[in-house]
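Chemist: Protein chains in written order, with the working numbering: chain A, -17 to 552; chain B, 3 to 222.
Hints were generated in silico from the structure; no laboratory data involved.
This one's a predicted model, so the numbers in the text were calculated from it and none came from an experiment.
The reader is advised that the hints may include incorrect statements.
[Said to hold, decoys possible] Stretch by stretch, here's where chain A covers chain B in the computed footprint (C-beta under 8 Å, at least three residues):
| id | region |
| --- | --- |
| 1 | 3 to 11 |
| 2 | 67 to 77 |
| 3 | 114 to 128 |
[To be verified] For lysine to aspartate or glutamate, the following EDC-like pairs were computed, each having C-alpha atoms within a straight-line distance of at most 20 Å:
| id | chain 1 | residue 1 | chain 2 | residue 2 |
| --- | --- | --- | --- | --- |
| 4 | A | 280 | B | 115 |
| 5 | A | 273 | B | 115 |
| 6 | A | 449 | A | 346 |
| 7 | A | 104 | A | 156 |
| 8 | A | 206 | A | 351 |
| 9 | B | 9 | B | 26 |
| 10 | B | 9 | B | 222 |
| 11 | A | 280 | B | 79 |
| 12 | A | 459 | B | 59 |
| 13 | A | 546 | B | 180 |
| 14 | A | 385 | A | 351 |
| 15 | A | 275 | B | 36 |
| 16 | B | 88 | B | 36 |
| 17 | A | 425 | A | 318 |
| 18 | A | 459 | B | 26 |
| 19 | A | 538 | B | 79 |
| 20 | B | 163 | B | 31 |
| 21 | B | 9 | B | 217 |
| 22 | A | 104 | A | 346 |
| 23 | A | 459 | B | 222 |
| 24 | A | 270 | B | 135 |
| 25 | A | 546 | B | 26 |
| 26 | A | 546 | B | 217 |
| 27 | A | 546 | B | 80 |
Don't be surprised by glycine CBs; every beta carbon is placed ideally from N, CA and C.
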Amino acid sequence: MPYLLYLRRSLVRRPKRHLSLFVILTCAFILPLLISIYRDSSAYGRRQQMFSETRGETFHVLNAREEDLALFRGIAGLSEPRYEDGIIYLHILSDDEWRDFFTMDDYSNAVRERIERAGSTKMTILGFDYDYAHAISADSGQSSLLILNLFIILLSAMTVGSAYKSHIRRFSSDMGVLRSLGAKNIQINLIFLTEFIVVFAMSAAAAVAISAGIMRILFSTLLKIDGVEGLAWVIFSMSPRNTALHIGVFFVMLLAVIIRTLNKASRESTVSEMRGDLQTFEMKKSPKSLKIKASSQKTLASLWLTRTNKAHAGCLLVAVPIATVFLFLFGYLSLDAAYITQPPEFEFMLWKNAEAFGGFTQEDVDYVENLPQVEHVSCHNDAPKSLFKEEAGALDVDVMEIKLAQPGLHREAEELLLRRFSGGEFRLHNYQAVVEKGAEMSKGIYLMLIFIFAAMFIFMGIIICMKLRDYIFDSEKTVKTLLSIGAPNGVVASSYVRQSAVSAAIAAAVSSAVSAVLLILATIPAAVKPKPDLPLVAAYICISILTVCIFILPIKFTISEVTKRKGSGI
Amino acid sequence: MNVVEVKNLTKRFLQGDAVIKAVDNVSLEISEGEFVAITGQSGSGKTTLLNLIGGIETATDGEIFIDGEEITSADSDELARLRRQKIGYVFQDFNLIPILTVRENIIMPLLLDSKKINNNRFNEIVGFLGLEDRLKHLPSQLSGGQKQRVAIARALINSPKILLADEPTGNLDRKMADEIMRLLIELNNHGVTILLVTHEERYADMCGRKIVMREGRAGE
């Protein structure tokens, strides 16, 4: 009860601090939650794509007719055949047999034998292993995303932990008073832990609501991919278990950081706590010698840089990873979007299994050439044979590359092509549809990036602002002493701004350089060279300017607040 | 010649709805080489008067001249220059910069004025105040009396026209306080003009002249 009473008082006394913590925690949650939702959506889309492809069956007999059903009845160990849209479906009844590759091969031969016995040259067979047919995805991207997310959670927890450290320091006099009245460490710690749990619960709820809401909107309008051949399906899905797991991991990590901070704080002397006089500047015994520069503000700035730069170093630890991750994400996703939306050389690619069904006939080529939307057709036989090889054992594939007069007419052309080339021996790929979907998605990607950007920069901005304000408040005595011995306001203020400008420049330069290197490294496997195009350069400039502002503005405003404040000295 | 000249000086504060006259129509003159004590009870306005003379607070009415220069209409930069060049300030709680060594604290006014360090002057002051073996120490490694001696050295480094000392013995034990008082008297004997605020009659009596503040008014 006393904890809740103290918490209520504390919330009323310092609402801005608690609001800042709430916003920091909410924003810290958002990126891991977005990645978690994307991961869930990608896994769900992948499962849907696999189901849609396999229908949960072991064998698909293509180019079949309903009257062919009788051919496949009574194969021991296989289900009753099912007919749908020119395809007969069968599955192995025993899961164990289905999981076994050799048994599956035996069943495949049994089905093939029935086809051969019927003397059909048209029917062809596709087989799916157990995991694929049951949509048990072994997509390595899922585990990479999970590892990335854990890493982000760890970074966020450390960053939030440092903000909490500042928060706890501001309450050190309260802690000292409580301790002087006989409160045990555990009692004092419980106050802060109760407060943390309350703020954490509110932030987690807010972050889940915001992330889920925004991702649902983005997926329903721009980011959803289903039914587009050549693109992995992504359909909005949010697993409560995964979300709870992420929140749980975050909670445990943060709790560990906060308990460590509280334990450290409990070692401070009660008297210094009561005075609010914790050792702000942990000076080495023999500090570096003071460098006298051409002007007094330069001398002071160099003094702050060499002796009181701990807060700025902490800010750099927050700003550099966040700005780097954002710039890298921006660069990578824009490259990806640019890659997807590149106009294709041919709008359509039409394959035919020539091994089993013979190559394209002259009529086939004439049909395509005479379509009103078609500009040019090229036919050859050295195509990606693996397309059919894995699925049906064919080695010989004919390919028709179709160039349209106007790419926008691809829907009409696709309809006309499918009228003639719809059997199992054909496969039609609409590259233009992929490009159009990619262009639509890139809008979604940019919107998502704006959202991530806003969350990350609010997160970074508040933490840096909090740290730098605390730094100036901790330096208040030094500032006032300098003013009392005749330092002009402007000189003192500009010396602190100079110090911050150095950190800002380091943050902007390091994050730009590291993200550019990461971008180059990440695009090596895809053999894509990142080009410094306008949006990318603009993003780098914007982030640099914002980083500089985030470092300089809190100093500028706080120093002016401190110098105007009445009290001892000036 | 007058180093400080105060004419009809008034400082009013607004406390809630009530107007408090911290300094009420005070006029005084301090000549070069004088050692003047301002004494009085707590809340009598002695520190406010000192802060007005030092340009740390702004007057409501009246005029202040430091070495012939009128300061009540000066802007904050001019006041800062005045504090750097003509006034030395010593505070009750020392106001040393914790991240600077003793040497760096002492030379800070010179650095703020972009002046070169006159080693003879520096050594003279440091020797006089007995700080030679403490120059590389940080304030946290010094006793109260040593801190106050560093503050006095810092106040003297720019050869000010007047040394303003606000309860310089307030945070020290009697022995240390007596030592600081002895140093101030010795400084005055060397020609430094000093204006000392103290609530201790004993120390006020050691000064050449005593101004007693009562409810914002000054009397001798």
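Chemist: Between residue 9 of chain B and residue 217 of chain B, is the straight-line Cα distance small enough, at 20 Å or below?
Modeler: holds, 18 Å
Chemist: Is residue 206 of chain A within 20 Å of residue 351 of chain A, Cα to Cα?
Modeler: Violated: residue 206 of chain A and residue 351 of chain A sit about 34 Å apart, past 20 Å.
Chemist: Below or equal to 20 Å on CA atoms is what counts here, so check residue 459 of chain A against residue 222 of chain B.
Modeler: Roughly 35 Å separates the two Cα atoms, so the pair is violated.
Chemist: Below or equal to 20 Å on CA atoms is what counts here, so check residue 546 of chain A against residue 217 of chain B.
Modeler: Status violated; Cα separation ~27 Å.
Chemist: Would the pair residue 163 of chain B and residue 31 of chain B pass a check requiring their Cα atoms to be no farther apart than 20 Å?
Modeler: Judged against 20 Å, a Cα distance of about 14 Å means the pair holds.
Chemist: Three residues or more, CB to CB closer than 8 Å: is that satisfied between the region 67 to 77 of chain B and chain A?
Modeler: violated (count 0)
Chemist: Between residue 9 of chain B and residue 26 of chain B, is the straight-line Cα distance small enough, at 20 Å or below?
Modeler: holds, 11 Å
Chemist: Has the given pair, residue 385 of chain A with residue 351 of chain A, been kept, meaning a C-alpha gap of at most 20 Å?
Modeler: Given that 20 Å is the threshold and the Cα spacing comes to 10 Å, the pair holds.
Chemist: Below or equal to 20 Å on CA atoms is what counts here, so check residue 280 of chain A against residue 79 of chain B.
Modeler: holds, 18 Å
Chemist: Under the criterion that the straight-line Cα-Cα distance not exceed 20 Å, is the pair residue 273 of chain A, residue 115 of chain B satisfied?
Modeler: holds, 15 Å
Chemist: Need the status of pair residue 546 of chain A, residue 80 of chain B: alpha-carbon distance at most 20 Å?
Modeler: At roughly 17 Å apart (the allowed maximum being 20 Å), residue 80 of chain B and residue 546 of chain A satisfy the hint.
Chemist: Taken at face value, is the distance from the CA of residue 156 of chain A to the CA of residue 104 of chain A at most 20 Å?
Modeler: With a Cα-Cα distance of about 85 Å, the restraint between residue 104 of chain A and residue 156 of chain A is violated, given a limit of 20 Å.
In this structure, the hints that do not hold are numbers 1, 2, 6, 7, 8, 13, 15, 18, 23, 25, 26, in rising order.
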